[in-house]
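Order-wise, the sequence lines are chains A and B. Each residue of the first sequence is one higher than the one before, counting from 63 in the working numbering. Each residue of the second sequence is one higher than the one before, counting from 63 in the working numbering.
No false leads were mixed into what you were given.
For identical chains, the list gives no copy identity; a pair is met inside one copy or between any two copies.
Capping the alpha-carbon separation at 30 Å, the derived lysine-lysine pairs in BS3-like fashion look like this: (1) Lys-142 <-> Lys-398; (2) Lys-349 <-> Lys-142; (3) Lys-398 <-> Lys-349; (4) Lys-340 <-> Lys-268; (5) Lys-347 <-> Lys-163; (6) Lys-142 <-> Lys-117; (7) Lys-268 <-> Lys-322; (8) Lys-261 <-> Lys-316; (9) Lys-163 <-> Lys-349; (10) Lys-398 <-> Lys-293.
The set of hints was computed from the structure by calculation and includes no laboratory data.
Number of protein chains: 2
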Amino acid sequence: MQTAGKLFGGFSSATNKRDIGVRVISAESPTAQQAEELMETMLRPQDKAGDGLRKRFAENIRRAQLEICNAIEELDGGAKFHEDAWDREGGGGGRTRVLAKGNVFEKAGVALSVVYGNMPLKAISVATEDPKALADETDNLPFFVASISSVMHPRNPFAPTMHFNYRFFDFENSSENGLWWFGGGTDITPSYLVEEDIKHFHQSYKDVCDKHDPEFYSRFKSWADRYFQIKHRGETRGLGGIFFDDMNDRDPEKIFAFSKDCLDNVVSAYVPIVAKHKDDDFTQKNKEWQQMRRGRYVEFNLVYDRGTTFGLRTGGRVESILMSLPETARWEYDHKVEPNSPEAEILEVFKNPRDWV
Amino acid sequence: MQTAGKLFGGFSSATNKRDIGVRVISAESPTAQQAEELMETMLRPQDKAGDGLRKRFAENIRRAQLEICNAIEELDGGAKFHEDAWDREGGGGGRTRVLAKGNVFEKAGVALSVVYGNMPLKAISVATEDPKALADETDNLPFFVASISSVMHPRNPFAPTMHFNYRFFDFENSSENGLWWFGGGTDITPSYLVEEDIKHFHQSYKDVCDKHDPEFYSRFKSWADRYFQIKHRGETRGLGGIFFDDMNDRDPEKIFAFSKDCLDNVVSAYVPIVAKHKDDDFTQKNKEWQQMRRGRYVEFNLVYDRGTTFGLRTGGRVESILMSLPETARWEYDHKVEPNSPEAEILEVFKNPRDWV
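Chain A on its own, in the form it takes in the complex (with noise of 0.2 Å):
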C-alpha cells in the first residue's frame, strides 16, 4: 500500500523519507531549456535515452506546466510562481509550483510529479477503478508514473475555482502484459452561474474529445459529473468538465495525443473566464457564499479525492498534497439559500448536474 497513494496525481509524489532536500528556485521566464534541464534529473537512463512514450509525456507535462504558470502569471499580474523541487534516489522527483497571495490568484498551484517505485500487483487493484483482476497477486511490479495536477482558486466570487490532472501510468514490460494507462480531466466549480461561460468551457472540451473519438465527450462528461459528489451532500463539487482513467483500449499514441490535447485546452477554456469575472463588483454576502463553496470544496478533498486521501495515508509530500485546499473556508450551521436567489440557481445545478452543450 505504501506505493499506492503515489499513483493518484502530482499531489503524492515523493515521500519526505526519500526526498533528497528542497531546494526553491525562482522560474518568472521558464525556458524549453528549463524543460529538458529537468528530463535529466528527472529520468533514469534508460528513460532518456532515445524517444519512448515515458520521456515525451514526462517532457510535455513539464512544458505544459511552465505554459500554464506563465499564463496565470500573466493573467494576475502581481504575484510570481514559486517551485518547489525534489530529486528523488535512482530517478523521479517532483516539482510543484505555487502562487499565493496574487491580484487575482487566492492561491494557483501547479504540481508535476515522475515516480519510480515497486508496486504490488495486489495494490493496482486499489489504485484504478478497473482492477484488472489482479486482487489475489502479491509479487511486485516496477512502475513509473508521471503526473500533472493543478487547482486555481480566483479571489474574485464570480471567477470560478478549476482543477486539472493527466497522468500516464506504466508497468515493467507494459508492451508484454498490457499493464499501462492513462487517466485525467479538467473540471470547473464556480460559486455562481454565469451559463455562457459554463457553455464556453464544456464546449471547449467537447472540441477536443471530438477531435479523437465522438464518444469521449459524452463518456468523460458524465464521469466527472459522478466522481466529482461530495456524497454526503448529494451535491456535485462544481459544475464538471471531464473525468478518465484506466484508458488503454487503444494504441498508447493516440492517447498520449488525447492527453495532450486536454492539456493544451486548459488555458483557452479557464483564462478567459477569469479573465472576464476578476474585477466583478460583489458584495459580502457574495463573498460568504464563495467561502462556503470553499468549505464544500474542502469537503470533497479531505473526504472523498483519491490522490489527496490515499496521499495522506500513505505518506506523501503533504503541502503538495494540501496544496489543493483554498486559502480560506467558511461553514455555517444549516444554511440554507434564499428561494430564487442566484445561491438557489447554482445549487440546483449541483443537485442536478445539466448538459452544457
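Starting from the known structure of chain A, fit chain B onto it as the hints suggest.
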C-alpha cells in the same frame, strides 16, 4: 454498516429519511421539566418505565446539555443557542443546539442523540477499538446508544477550542451477553500555549479521574494524545485531555458515575480559560495562525475522526455531524513558523505531547 456510523458521537444520530420533521425551539431558560419531557418522547416505553441506566444516562446528558449551554450563553453575553429537534419513529431522536455569531464564540454546538437500531454483530467490530471477536458474526442485534457531543470555537485566538463527547452503548440482553460499553472524553485545542491554562484543564480532569481510579488519568490522557493525532502532519490536533472507549471492565453504575463526573467537569475546566482570554488583544498574525490551526481541526475531523468519517459515509444528518467544523479556516502553502516564536512553541508541543500534571 448503515447503523455503524450512527454509533459515534451525537453528531451522527439521525438520518434524514427517518426524521419526522425538524422543529426549532428557543431554549433560553431550559428547566428540569424540559429535560424530563424530552425523555417522554425519546425513550421507548420499556426504557421510560422504572429507573434503568438507559433512562438515567439519557436524562443526565440532557440535563448537562442544557446546563452547559446556559453557561456558554452567559459567558457569550450575546447570542443564544437554538435547538433543532428530531424524533424518530419507534423511539429515539436528536437535539442539536448551536450558538452562532456570538460575542465570544464564533460557533458553539452541543448535540444530543438517542438512537435505537439494529446492528450486525460484524459492524460492532468496526465500531469499537476492541472488536470483541465478533468479526465473523452476521446476526443483527438490537441496540440503544445515547450520546452527547460538543465543539466550542471562540473568536479570540488566545481562547482555546474545546470538544467533548460522552456515550453509552447498550445491546439487547446486555446483562447476559456483556455487550455494553461507555466511551467519551474532553480535550482542548489552543492556538497559543498558556501553560497555566493547560495545567488547570488537565489537573481538573486528573482530579475527576482520581476520584474513580488512580490509573484512569494517565491511561486516558495517553489515549487522547494517540487518538487526536493528525497522522499526515505528525501533530496532535490540540493539547489533549482524556479519551476512553469500550469501557465495560466494572459495574456499569461505577462507569456511569465516572462519565457523569467528567461531563459535570466541562464547565469548570473550560469556561474560566475562555473568560480569561476572550478580550485579549491580538494581531492579524495571531488571527491567521488561529485560522491555520482551524484548518488542522478540519483536517483531523474530515480525515480521521471516527464519528465524522463514519457518519458522513453512512447517512447521518450532515449538519449535525459537521457542526464541529469551525466557521472559518485557512490553509497557506508550506507555512513555516518563525523560530522561537509563540507559534513555534506550541507547534513543538503538538509534535511532542507533554505531561501537564
